[in-house]
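Colleague: Required output: the full structure, derived from the provided sequences and hints.
2 protein chains.
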Amino acid sequence: MSLAVVGSVALDSIRTPFKSVARVLGGSCTYFSYAASFFTPVKMVGVVGMDFPAKYLCELKGRGIDTEGVEVAAGKTFSWTGEYKFDMNVRETLKLDLNVFASFSPKVPDSYKKSTHLFLANINPGLQLRVLEEISSARLVACDTMDIWIKSDRLKLLQLLKKVDILFLNDSEARELSGEANLIKAAAKVKKLGPEIVIIKKGEHGSILFSKDWHFVAPAYPLENAIDPTGAGDSFAGGFMGYISTVKKITKEEIKSALVFGTAAASFCVEDFSVNRFRKADRAAINKRYKEIRTFTQFKDL
Amino acid sequence: MSLAVVGSVALDSIRTPFKSVARVLGGSCTYFSYAASFFTPVKMVGVVGMDFPAKYLCELKGRGIDTEGVEVAAGKTFSWTGEYKFDMNVRETLKLDLNVFASFSPKVPDSYKKSTHLFLANINPGLQLRVLEEISSARLVACDTMDIWIKSDRLKLLQLLKKVDILFLNDSEARELSGEANLIKAAAKVKKLGPEIVIIKKGEHGSILFSKDWHFVAPAYPLENAIDPTGAGDSFAGGFMGYISTVKKITKEEIKSALVFGTAAASFCVEDFSVNRFRKADRAAINKRYKEIRTFTQFKDL
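Chains as they are written, first to last, in our numbering: chain W, 39 to 340; chain F, 39 to 340.
Keep in mind that the hints were calculated from the coordinates and are not lab data.
The hints are all genuine.
Below, a list of computed lysine-lysine pairs in the BS3-like style, where the Cα atoms sit at most 30 Å apart:
#, chain 1, residue 1, chain 2, residue 2
1, F, LYS290, W, LYS326
2, W, LYS290, F, LYS329
3, F, LYS229, W, LYS329
4, F, LYS326, W, LYS329
5, W, LYS201, W, LYS286
6, F, LYS326, F, LYS287
7, W, LYS189, F, LYS123
8, F, LYS227, W, LYS329
9, F, LYS329, W, LYS326
10, F, LYS290, F, LYS201
11, W, LYS123, F, LYS229
12, F, LYS326, W, LYS229
13, F, LYS290, F, LYS230
14, F, LYS93, F, LYS145
Modeller: Structure, rendered in structure tokens:
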């Protein structure tokens, strides 16, 4: 089993009501890889600029994350500057410097091409399709997307959705993609576009997974100190895909567990800026949180 | 064991994007009693006007709901006219005719005074306190409240909270009452005001129950056709209190089950206007939904 991911690697600057940070390690590919690395080795495909601190590449490698597919290109690293107000569910982009990410052309190393599991993080669906073609051996393919692609690149996105097994998206995106206000109806419509599993993320309200004829609901892990939600969705997908990459047979029970591992991973992400909280965690801490989630969600049969 | 409730009985007129209804049976006391009546007999304290259809009183009695404490006063029945837009989480009050409810002075029949369980639905905290004094035998007392009392009658509300075991309130009210944006911190502060258990309702996002040193999270039952959320919170409390009134010993496990029964009851309420869906349900249907909630929330241990 081996897990590959394509997405962004960034140096983010983030303001919250409590604290601000500048040029910290971020990006969908980074958060995903960090979260997944608690479960399995990960192969990253991305691009950084000449200003990207080499220490981060060392750190990722030290966690069993293969960075051979991370191109170092002439120019500066992609950088997002954003702000959260007291309501952590709403973020405002203050500045977006695409830099080397503007002309990102994913280069998939040969050593990645036999990957069995693939996550296409939120980038242009045309690029997601290209990477999918290059890693055609993948037995399980998941992707993320966002409102701009739903609006501006819908045809390519629909083409992609026919080829993926799992789609992660948030509630407003599910409504936008399906044209349905009700999430159950929205999920049913989205499933018809291709993915057998649709996972709708609701931030602090948890997530709902819709499969063929069943669904599963996981509440978020209640946090007393939510510091920064940046990367929570990618960490969620990382926990999910990281775990599912390790199971011998993908059963309903394993998919449920994967969603809970995603929930646990996302909660760690939100507890600090960047990947700081992950740096202090290990698989035992993730398992502990999984068990904690059990204690506040499980109840007796009649 | 016996369960009493005080609250409003109303004739509501409701508009939604799909349909409108006029002068249908409503009110916190009604929804609570209907939901609780699947589990245990209920004793209602409330007031209606001369225009209140007698058939409703017959119907309530037919369900094992004691209406001796429902005064029929000179004047018209309390009436709420409201509208929901596509986002069912937000409601607008178009018209509020307090009528006989304006001078409501709860009269607790002697036969209610030995009730072991009491729910003080959302009315003026001064009146809640008075009913509590009259049913002083109650071993378990729960109450609901709302933003207007938090703002305009805070001292009386704080006096009440010292005397109740369980407080039901929604997320914005918990924030308002505590002055804390974070729900976990908010619940901790509210617990310090008296109630040993604080249940925060989050509408379509479910609920969180906070007890002394543990909490429990129940997602809402996902509904494909949410028709009218009016009364969902009271039905939720009714399912909770109805079930808990039937258990021999209130344990952590029973409290969890009560929250799930509340969730099941609330989902029935939302599936139609007024108490229409309840009219077609029975305890077996409630139990079936409880078991269904289990199927989409339970997952394996590590």
